[in-house]
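What follows is each chain in one-letter form.
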Amino acid sequence: MRIFLEQMLNGLTIGSFYALIALGYSMVYGVMKLINFAHGDLFTLGSYLGFTLLVWGNAYVTSHVGLAGGMIAAMLIAAIGIGTAGIIVERIAYRPIYPAGRLPAVVSALGVSIFLENIIMVLWGPRYQAYPVNVVPTLRFEIGGIHITLLQIVILIFSFILLAILYYIVQKTTFGAAIRASALDRDTAALMGININTIIFFVFALGPALGGTAGVMVGMYYRQISFTMGWNYGLKAFTATILGGIGNIPGAMVGGLLLGIFEMLGSAYVSTAYKDVFVFLILILVLIFRPRGLLGEKVAEKV
Amino acid sequence: MKSNKNIILKNWPIFIVIIILSVSPFMMNNYWIDVFFFFGIYALLGLSLNIVLGEVGLFDLGHMGFMAIGAYTTAILNTHFGIPIIFLIPISAMAAAGFAWLVCSPIIHLRGDYLAIVTIGMGEIIRLTLINNPFGITGGPNGVFGIDFLSFGGPLVIDSSIESYFVIWIVVGLTILALINLQRSRIGRAWNCIREDEIAAESTGIDVRYYKLLAFVLGAGLAGIAGNIYASKLMIVSPESFSFMESCMLFCIVLIGGMGSIPGIIIGSAAVSLFPEIFRAFARYRMLIFGAAMVIMMVFRPGGIWPRKRGSVEFKSLLTKAGEDNV
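Chains A and B are the protein sequences, given in the same order. Heads up: the first sequence begins at 0 in numbering that gives the first Met the number 0, then just goes up one per residue. Heads up: the second sequence begins at 0 in numbering that gives the first Met the number 0, then just goes up one per residue.
None of these hints come from the bench; they were simulated from the model.
A few chain A residues facing chain B, derived, Cβ under 8 Å:
hint, residue
1, Ile34
2, Phe114
3, Ile287
Rough simulated footprint, nothing fancy, chain A against chain B, three-plus residues with beta-carbon under 8 Å:
hint, region
4, 107–113
5, 242–253
Chain B side only, calculated, beta carbon under 8 Å to chain A, not exhaustive:
hint, residue
6, Ile119
7, Gly120
8, Tyr284
9, Met286
10, Leu287
11, Gly290
12, Ala291
13, Val294
14, Met297
15, Val298
16, Pro301
A quick note: this is a predicted structure, and the numbers were derived from the prediction, not measured. All C-beta atoms, glycine included, are put in the ideal place defined by N, C-alpha and C.
This is chain A alone, in the form it adopts within the complex (with noise of 0.2 Å):
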C-alpha cells in the first residue's frame, strides 16, 4: 500500500508536467486544428533558458532574492521567453500557410521542431546539462509511512496552482467562452464578434509558456536536460491530450495526470522496460473504443 502510494504521488508528478505540456497542444489544436509539433521543442528551449538562469544567475539571484525567489523567476522568465518563442514561431512559420490547408502546417511544425532541437544544440552544446542542485533543498518528509520530497511538493504545489489559473481563465471568464468558442467552430466564432486573431496570439503565447514552465521543473526534477528531449515529452503529452480528448482544455489536464500515473504503475507493478509500451497501447485502446478522448463528448458526423 505504501509502494501504491508512493507510485501515485510520482506519477502525479509526471502526470503534472505532461498536463501543463499537453494544454499548449490542446489548445493550438483547439483553435488551429494544427498538431504542433513544435511545442515539445518550446518546451526543452524553456528548460534550457532556465538552466541559463539558474547557473549564471545563482549566486546574484541567491544574494538578493533568495533560492525560492530565483526559482520563481527562472519559470517566469522562461515562460515570458517561451511565450514570445511561441507567438515568433506562429507569426513566422503558421501564419502564412492557414490559407493552403492543414498538412502543409504539419511539415511546417516539423521543420520548426528540427530547427529549434538543433538551434538548441547549437546554443547550448551537444551534450547533457545538469541543473544546479541546490534550487530547492534536498529535504525529505514521511507524513503517514509516504516518503515525499520538498521539491516534489514545491513542483506539485506550483503545477496545481498553474492549472487551477488556466482552468479559471478557460472556463469561467468571458475570454475563456471566446476560447472555448473559437474551438468549436471557428468561423461561427468570428461572426459572433470574436476576434480570432487575438484568440490565436494568446493561445500561442499561453501554450508554449505553459510548456516553458513545465521545462524548468523538469529540469529541476530529474536535474539532467538534454537537448532530444522534446520529443519524447512532447509526444507523451500529446497522448495525454488524446487520453482526454483533444481541444478539450480540462481534458488535457486530466488526460496528463492520469497518463503520468498510468505510467509509474505499470512500471512499478509490470514491467520498467515496457512501461512507454503500456502508454502507447492505452493511448490505441482509448482512440478504438473512446475517439473522442475519455472526457470529450460525442460531435456528430458533419457532412
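Dock chain B against chain A, hints included.
Below, chain B alone, put in the same frame as chain A:
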C-alpha cells in the same frame, strides 16, 4: 517502330533521368554512390507512404514501423535459419503487409489526426518492443547483425556499392511502373475519390474500409521490401533506424514533393536524403538549415515542389499506345 519513337520523344525528361541515373554511379566515388543508394531507399519508402498518404489521404506517421517489420523479418530469418535474402523479399513484404492488415483493421475507421496519433503509437510500440528484445530474437538496442548480401546464386552476389545502387533503383523503377498502372486503375480512382470526399465515395458504392485497408497493406508491403534491401545492404538492423523522426521525414517527403505525384516523391526524397549531404560543410548547422528550409518551402510552395495535377495523370503516354494519345 513509329510508336516506340513517339514514346521516347514525348517522355524525353524521363529517359534523360534514367540515363543519368544509370551512368552517374560510374563517375562517383563509393561515398556518393552510397548516398544515392539511401536516396533510392527513401524514394521507395516515399512511394510506399505515397500510396497511403498521397493517394488515399490517410495520415500515417508510423510508416517506419512497417519497414522495421520487413527488415527484422529478413534479419532474423536470415541469421537464425539461413534462408537466402532473395527468398526473404516476398516473405518480408508479406510479413509487413500482414502486420499492417492485423493492426490497421481495428483502427481504419479513425479519421485525420486520430489516425496519425494511432500510427505514431504503433510505430513507437514496434520500436520499443524491438529495443526490449522479446524472446531474445531482436538483439535489443544493438540489433541483429551478420545479415547476408543479396545473392542470385553462384557468383551473382550484390556485395559492392554500385551493385546495390542498381538493385535499389531497378526496384524503384519497377515500383513506379506498377504505381502508374495502379493510379490509372479502378483502385487508384477509388482511392483518390476517398481522399477528396470520403462520404461521397461511400455513397457512390465504394467500399471505403476495403480500399483504405488495401492502401495500408500495399504500402506496408512495399516498405517491407525496402526493409529487406536495407538490411541486406547494411548487414545490420537496429531499432534506432526506425525512429519516429524517420517516419516524420517520410511524411515530409510526400508533402514536400507533392501528394500523389510520383515525380514529386522522387524530388522530395532527393531533398531529404541529399540536402544534409550537400550541406555537410556547414557541419552542426546543417540540420538547422534543413529545418528552416522546410518552413520556407511550405510558406512558398504549400502544395509541394511538383504537385499532381488534378484529373490528369503524368506519364500518360508511357503506358498507352502512342496512337491513342494523338487523337
